[in-house]
Amino acid sequence: MKKRTDLWKMVSMVMLSAILVAGCSKGESASETAPASVLKDGKYDPPFTITIAKQQDENAGKYINGETLNDNVLTRWGEQNLGIKIQTTLLGGDASQYNTKLRLALTGSEKLPDVLPVYDTMLVNDLIESGQVKEITEDISTYMPDRIKEIYKQYPTTFNPVVREGKVYGMAIAPNLTEGEVMLIRQDWLDRLNLEAPTTIDEFEQVIAAFTNEDPDGNGKKDTYGFTFSGKDSYNTGWVSDPVMIFSAYTGKHLPRQWHNDNGKLTYGSVAPGNKEALAKLRDWYAKGYLNKELATQGAWDALSDFTEGKAGIIIGRPWLYDSVKDVEKNVDGAKISAYPTIQGVNGDKTYQSAQLNDGVFMFNKDFQNMEAFFLYYDKMYDAAFSTGEFKYGYAQGYDYDIVNDEVTFDPTKFNTPLEAVQGVGKMAFTKNTPSVDGPGQSYYDLANGVKADTGVLIQSASKDQTTQDGYRISYENRDVLLPNEFNGPPTPTMQNVWEQLTTMEQETFTKIIYGNEPLEAFDTFVKQWHEKGGDTVIEEVNEWYNQASETDVMTLMNLK
Amino acid sequence: MYHKTTGYRVFSYFNYAFMILAGLACFLPLLHLLAQSLSSKAAISGNMVSFWPVGFNVDAYIKTFNNSNFNGAMLTSITRTVLGTTISMFILTCAGYALSKEFRGRNVLMWFFIFTMLFSGGLIPSYILITALGLKDTIWALVLPGAFGAYNLILLVNFFKTIPKALEEAAFIDGASFFVILSKIYLPLSLPGIATVSLFIMVGHWNSWFDGILYMSDASKYPLASFLQTVVVQSNMQNMAMSQSEVAAMSEQSIKAAQIFVSTLPIILVYPFLQRYFVKGIVLGAVKE
Numbered sequence: 010m011k012k013r014t015d016l017w018k019m020v021s022m023v024m025l026s027a028i029l030v031a032g033c034s035k036g037e038s039a040s041e042t043a044p045a046s047v048l049k050d051g052k053y054d055p056p057f058t059i060t061i062a063k064q065q066d067e068n069a070g071k072y073i074n075g076e077t078l079n080d081n082v083l084t085r086w087g088e089q090n091l092g093i094k095i096q097t098t099l100l101g102g103d104a105s106q107y108n109t110k111l112r113l114a115l116t117g118s119e120k121l122p123d124v125l126p127v128y129d130t131m132l133v134n135d136l137i138e139s140g141q142v143k144e145i146t147e148d149i150s151t152y153m154p155d156r157i158k159e160i161y162k163q164y165p166t167t168f169n170p171v172v173r174e175g176k177v178y179g180m181a182i183a184p185n186l187t188e189g190e191v192m193l194i195r196q197d198w199l200d201r202l203n204l205e206a207p208t209t210i211d212e213f214e215q216v217i218a219a220f221t222n223e224d225p226d227g228n229g230k231k232d233t234y235g236f237t238f239s240g241k242d243s244y245n246t247g248w249v250s251d252p253v254m255i256f257s258a259y260t261g262k263h264l265p266r267q268w269h270n271d272n273g274k275l276t277y278g279s280v281a282p283g284n285k286e287a288l289a290k291l292r293d294w295y296a297k298g299y300l301n302k303e304l305a306t307q308g309a310w311d312a313l314s315d316f317t318e319g320k321a322g323i324i325i326g327r328p329w330l331y332d333s334v335k336d337v338e339k340n341v342d343g344a345k346i347s348a349y350p351t352i353q354g355v356n357g358d359k360t361y362q363s364a365q366l367n368d369g370v371f372m373f374n375k376d377f378q379n380m381e382a383f384f385l386y387y388d389k390m391y392d393a394a395f396s397t398g399e400f401k402y403g404y405a406q407g408y409d410y411d412i413v414n415d416e417v418t419f420d421p422t423k424f425n426t427p428l429e430a431v432q433g434v435g436k437m438a439f440t441k442n443t444p445s446v447d448g449p450g451q452s453y454y455d456l457a458n459g460v461k462a463d464t465g466v467l468i469q470s471a472s473k474d475q476t477t478q479d480g481y482r483i484s485y486e487n488r489d490v491l492l493p494n495e496f497n498g499p500p501t502p503t504m505q506n507v508w509e510q511l512t513t514m515e516q517e518t519f520t521k522i523i524y525g526n527e528p529l530e531a532f533d534t535f536v537k538q539w540h541e542k543g544g545d546t547v548i549e550e551v552n553e554w555y556n557q558a559s560e561t562d563v564m565t566l567m568n569l570k
Numbered sequence: 002m003y004h005k006t007t008g009y010r011v012f013s014y015f016n017y018a019f020m021i022l023a024g025l026a027c028f029l030p031l032l033h034l035l036a037q038s039l040s041s042k043a044a045i046s047g048n049m050v051s052f053w054p055v056g057f058n059v060d061a062y063i064k065t066f067n068n069s070n071f072n073g074a075m076l077t078s079i080t081r082t083v084l085g086t087t088i089s090m091f092i093l094t095c096a097g098y099a100l101s102k103e104f105r106g107r108n109v110l111m112w113f114f115i116f117t118m119l120f121s122g123g124l125i126p127s128y129i130l131i132t133a134l135g136l137k138d139t140i141w142a143l144v145l146p147g148a149f150g151a152y153n154l155i156l157l158v159n160f161f162k163t164i165p166k167a168l169e170e171a172a173f174i175d176g177a178s179f180f181v182i183l184s185k186i187y188l189p190l191s192l193p194g195i196a197t198v199s200l201f202i203m204v205g206h207w208n209s210w211f212d213g214i215l216y217m218s219d220a221s222k223y224p225l226a227s228f229l230q231t232v233v234v235q236s237n238m239q240n241m242a243m244s245q246s247e248v249a250a251m252s253e254q255s256i257k258a259a260q261i262f263v264s265t266l267p268i269i270l271v272y273p274f275l276q277r278y279f280v281k282g283i284v285l286g287a288v289k290e
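Residue numbers (the working numbering), protein chains in the order written: chain A, 10 to 570; chain B, 2 to 290.
Derived from the structure by calculation, the hints contain no laboratory data.
Please read these numbers as outputs of a predicted model, since none were measured by experiment.
Heads up, the beta-carbon is just placed ideally off N, CA and C, and yes, glycines get one too.
Wrong hints could be hidden among the right ones.
Below are the BS3-like pairs computed for lysine-lysine, each with C-alpha atoms no more than 27 Å apart in a straight line [to be verified]:
#1 320/A to 521/A
#2 423/A to 42/B
#3 339/A to 64/B
#4 521/A to 262/A
#5 162/B to 473/A
#6 42/B to 241/A
Label-pair distances were calculated between CB atoms; the ranges are [what the hints assert, rightly or not]:
#7 232/A to 53/B: 15 to 23 Å
#8 138/B to 232/A: 51 to 59 Å
#9 46/A to 112/B: 54 to 62 Å
#10 60/B to 223/A: 36 to 44 Å
Which chain B residues face chain A? A few, computed with CB under 7 Å, are given here [to be verified]:
#11 43
#12 48
#13 221
#14 231
#15 233
Isolated chain B (complex conformation) (with noise of 0.2 Å):
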């Protein structure tokens, strides 16, 4: 009986201490984050505020849902997610379903693919490419160019080489063709892997700011973390010439909590369904037949 014994109790408890720690340090700035969202403007100016409100009120949130560009941004970011995942996932399922078979010239494919892993054109480049090829202030310009990803393909590609080749040749044998086999057999068995990649895209998206801010030149094109970005990030001001009404606005500690605490449930709620998924997600490699 291993775990009777006194060392295996110490670590154990030693273990639980430590997690609860790790989980408290994830989970307190959330809830720091929430009391200030609703909280009083005064009392969060006077570092008064901890884990629970004081002044409770609901004025930040009241604001936040009638400012009409957090709600566009809101929407933006959604769509973006939801296309952007879609599409992810149609070229990277049939890219991976086809790599994941002998064929000649695959490794030459494979290794154009890594070889974007490991070098990229750098910002200017893509800035001109997207701008000549007009996807500027479109929703495309999010989209697109992050939408074969050379890393989830290598995830997909390992994952589907699990599946018993012998599965494949018998739906072959009953007449399936490659499409019929990719829809019918390959996905519904790698669900694990298809929901862990499609998690990763989409936390992708979802947080991703700076394309929104190279690619759009109206705010109110924004996605959800770029308009964070410009609300929260960049009021850190060093500039010295503001004026009153400006340093009022920054001030607004409580509607940028309310803001930041609004755009990360999405996320988590999505979580939850899909984490269940993530152990035999991830298995890169690790079990070989």
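Isolated chain A, as found in the complex (with noise of 0.2 Å):
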């Protein structure tokens, strides 16, 4: 009988113990309220923590001076500055486990942090029904500062998602129009062979057949070819090893996985008429091997290694791609890269490609009762974008530039401590990305015609590589080729039934053909198959969203007119 008395004792003291924790944990938050700041000179008396979540991004690991996530040049400038300090309480790694934390959060194990960015669609939608999220539409309509007002006027569509009923629950982060792709061409090769760069889909294959047969590089070996791009995730990656121009060549606007609004109405890329000659034409020059053999397994990162290698004379992305490949004029003695834009299509318009507005929307704890602090920390965060006030150059001196001998530099081996790269001061803010209202590369349009680098941006922008810089200003000087998706609300109901097949059976089918394992009627079949089995109602739904989503004047609202 003794045992059992003992055993019991043990199961209570556990018990309380268990209670007491959670006690304490409790009356921890509740002290959180107690002291009142007040904004004095732009500054809050006493400080205050605004928390945040966060999607740990790249620089995990890359502090410099022994700060961290929560401790760092930004956040202690954020606190001596504004009184505000930053914490970060919700941390995700990738994309999936970020958005099971934030699902985790939901459940109301612990306290949501006040300030949310949300990168999937499905999960804002599931985050306004849970009622856990503020609504902001007079917020952003009362405390707003105007300039950064200028900039959600020019993206109303970025709402859209974040919509419901009349009342705005969240804000892009940051819009802003991405940079557009361009054709990085070994130069080298094209010289050597007497070619210009191709400008329509004709000189294109001209181009990519010489690549192939003639011996560009001169070994003697036929080991080279022309186009290299990835077909693993999608005909369309939208940043690097993108085949997209050749689709758009022949669908003009429509492109694969993609919605465009067609005259009020959206439509799907993918099913589109011109995409059976576009495969035509990819499977005519895989069986010539013009193209990558293994397009279909590699992903986009993989895709450019054989550039990079020096077997491949062609790839596509965004500007920065050349960053990424130029280490093949250090592997292949001669090599030359140079960027050109996208060739014409085949009716001598220009060729289209994706292109992103935001990187996911802010959502706010529906507790969180500080959005004037908000917007005075984020507009800080636009100093940089702008060149202005205490940004005006960078972030912080020595970390993201520095100034040597009076000149502002943007080279990290140049700092007056030399650094190996530079540090994304920006990215210890609120978010995985820094505000930019540079567009597609106006910055480095504006130098090549001739503008004197004299703020942050235009003295960054002037730093960087001369191919990457002519990337960004044809990027610029072709900005009416991007095309933003359409379609970027939550899942449809039949969607979220269907759309995985109807996207792999879209991918097989495109592979298949142009790998020449089935006829190019079956195109046809995919596309009969595609309406029967569930397309239709995704179209209907689709558009039933987006006419639901453009009904209330939210901008108005918003005072965004």
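Fit the two chains together into the complex; they arrive one by one in their own frames, and the hints show the way.
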């Protein structure tokens, strides 16, 4: 009998301690609201804390001077100058882990952070439905600084995913049109074979044929080919190793995997008619060996190693792609890369490409009462983009820029204390990406037209490699070819059921046609099946969403007209 | 002389060939990684490195060990592994010893434990529990939830059962208590079993990354496996809104290779010392008295 009472003692002890622990943690959260901070001369006194959620980026482990996520040059700056302490209380790894953690936080087991960057449209939807995020229509109208209002005015569609019944539950993170893609070509190959950079699909074919058959590297072996791209995940990667130009040459604005507003009705690009001709072309090129033999198994990142190795002659991607493939100039003697605009379509128009207006949206805990503080901080972050105020050149001297002999420099090796790479100080704030108002590369365009590099942004742009600068200039000159995806809402009910299946079918059909494993007519069968197996319903639902999202004039409600 | 027959010899050759191939399949990836970690960035992004470094340098290792987060994560991982293995082994040997005896309610208890092998609460209840207990952001969140594993318990119970009861009875007669019997007789005799289970737990702790990412809200508290997960695995970005500096950081394949290589070393070093216990250690139900 004695043993049994001992056991009960143990059990009750354990339970008691559990209750104590739980009690303590409750006590902590209650005490947080105690002193009211007042804004005085642009600074809060006493300082208060904004808690944030963060998707861990590549900066993982790259803080210098022993700094950490919650104690670094930017958090200290915020505390000293604004009286705002930014603290990360929810940290996620990659996108799916981050989403998992946000969902777990929604269970109510802990306090939701004040500021939530959300990168998944389904999760945006779930957060709104959960009732745990704040409606910010009024707050935007009242507290958003004017210069930021000007930016959001340009991108009204970014509000579509966060509007419910005329109420706004979030805002895009630093909207800005992304840079466009350029064609990177081995200039030394072109020169050796006396070729010009291609501007039409026929010229493109001639060039890649020559790159494959006429031994452009002059080593006497047939070990080169024309065009490398990735077909693993989609034929519209949107950033590097992208073949979408070929499709767009035949389909115009109907890009694979993307929704386009065709006279007020959203249509899906992969089933548009021109795709068949594009596939026929790719199939022909593949058979002739002009393309990457393993294109269907190589991701965007893998597909560029052939270019870097000196095997492939053309690759398409954002202007910064040069930085990732320029090693070919080290690996191969005499190699030189030049940037060119993408080719013209078969009807003489330009070819189009996908673009992004924002990376995720900000949402806020419904108990967060300091929206004006958020906007104060957010506005400061924009200082670097506008080259004004405290972050005129960059975020922190000695981190992302330095002043050496009265000259601003962005080259980390020339810093007073040389660094391996610049520090992404802006990323230590709320989000993965820093605000920018440079669009597809205006600063580079200005530089090329003789503007003097006297602002932070311009100096930074001028410090890039010449080929990269050329790429951005081309991107800006061709900014009219950038098409954002018109559907940015949560997956519709039918989409949730069949979309995976439909995109798999699409990917398989396209790849099999290019590989020559199925006849070209397989495309017609695919289109028919796509419509029958749920595609028609999806189109209906997507259009319904689109009409509803643009129904209420939220822009006026937010005073953004 | 069965081993002189042609059939046996042919079988032997195939066997050797097969084992060598299998061995290479395990060893070559590691060698490739080592070669990458010692190569120049340009050679790696050009796909030119196979099993021998191209453009030999040790920059990647210098950078890795100068990275405070890497070192911190290494320390967290070591602490976690040592602490976790100690706690687990303490609980498991105590429980295993008791459960290898006959007493009332033993089967019910055993059934409870086995139940947890088949059904678990799932992610959300576990997360809520850990958060409510205030373990989040502490090393206990990594160590305690997995401290008791039913599978390892079964291994140990079975091992303890193979020890002759007569030994224990003799010790009783000489006046030994249960704890003395456990520490002086059972533990030394079941060293192979203990070593095997310890290695299982150790490797488990060393390699597990998800709980680190789940329960830590500061990257400086990540264990090594979680750190590597954020640096290496998630870099296959599908996200298109990337900027130039980020992409430059992505291509540092040699550093990733060095980090992976350094992180596998400790476990590789521990393994040979425990390996000799392996065959005896997992004779789960194979030999009966």
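Here's how the hints hold up against the structure:
For the proposed pair residue 320/A and residue 521/A, the alpha carbon gap of about 24 Å is at most 27 Å, so the pair holds. Taking the CA atoms of residue 423/A and residue 42/B, the gap is near 21 Å; set against the 27 Å cutoff, the hint holds. Our distance criterion of 27 Å between C-alpha atoms is met by residue 339/A and residue 64/B, whose separation comes to about 22 Å. Note on residue 521/A and residue 262/A: the hinted pairing holds, with a Cα-Cα distance of about 24 Å set against a maximum of 27 Å.
Between the alpha carbons of residue 162/B and residue 473/A the distance comes to roughly 71 Å, so the proposed pair goes past 27 Å and is violated. Distance restraint check for residue 42/B and residue 241/A: the Cα-Cα separation of roughly 25 Å lies within the 27 Å cut-off, and the hinted pair is therefore satisfied. A hinted range of 15 to 23 Å holds for the C-beta pair residue 232/A and residue 53/B, which are about 21 Å apart. A beta carbon spacing of about 54 Å between residue 138/B and residue 232/A agrees with the range 51 to 59 Å that was offered as a hint.
In this structure, residue 46/A and residue 112/B meet the distance hint of 54 to 62 Å, their C-beta atoms being roughly 57 Å apart. Between residue 60/B and residue 223/A, the C-beta spacing of about 39 Å keeps the proposed range 36 to 44 Å intact. Nearest Cβ of chain A to the Cβ of residue 43/B: about 4 Å, under the 7 Å cut. The hint holds. The beta carbon of residue 48/B comes within 4 Å of a beta carbon in chain A, closer than 7 Å, and the hint placing it at the interface holds.
Because the smallest distance between the Cβ of residue 221/B and any Cβ of chain A comes to about 5 Å, under 7 Å, the interface hint for this residue holds. Interface hint status for residue 231/B: upheld, as the beta-carbon distance to the closest one in chain A is roughly 4 Å, under 7 Å. At about 10 Å, the closest approach between the beta carbon of residue 233/B and any beta carbon in chain A exceeds 7 Å, and the interface hint on this residue is violated.
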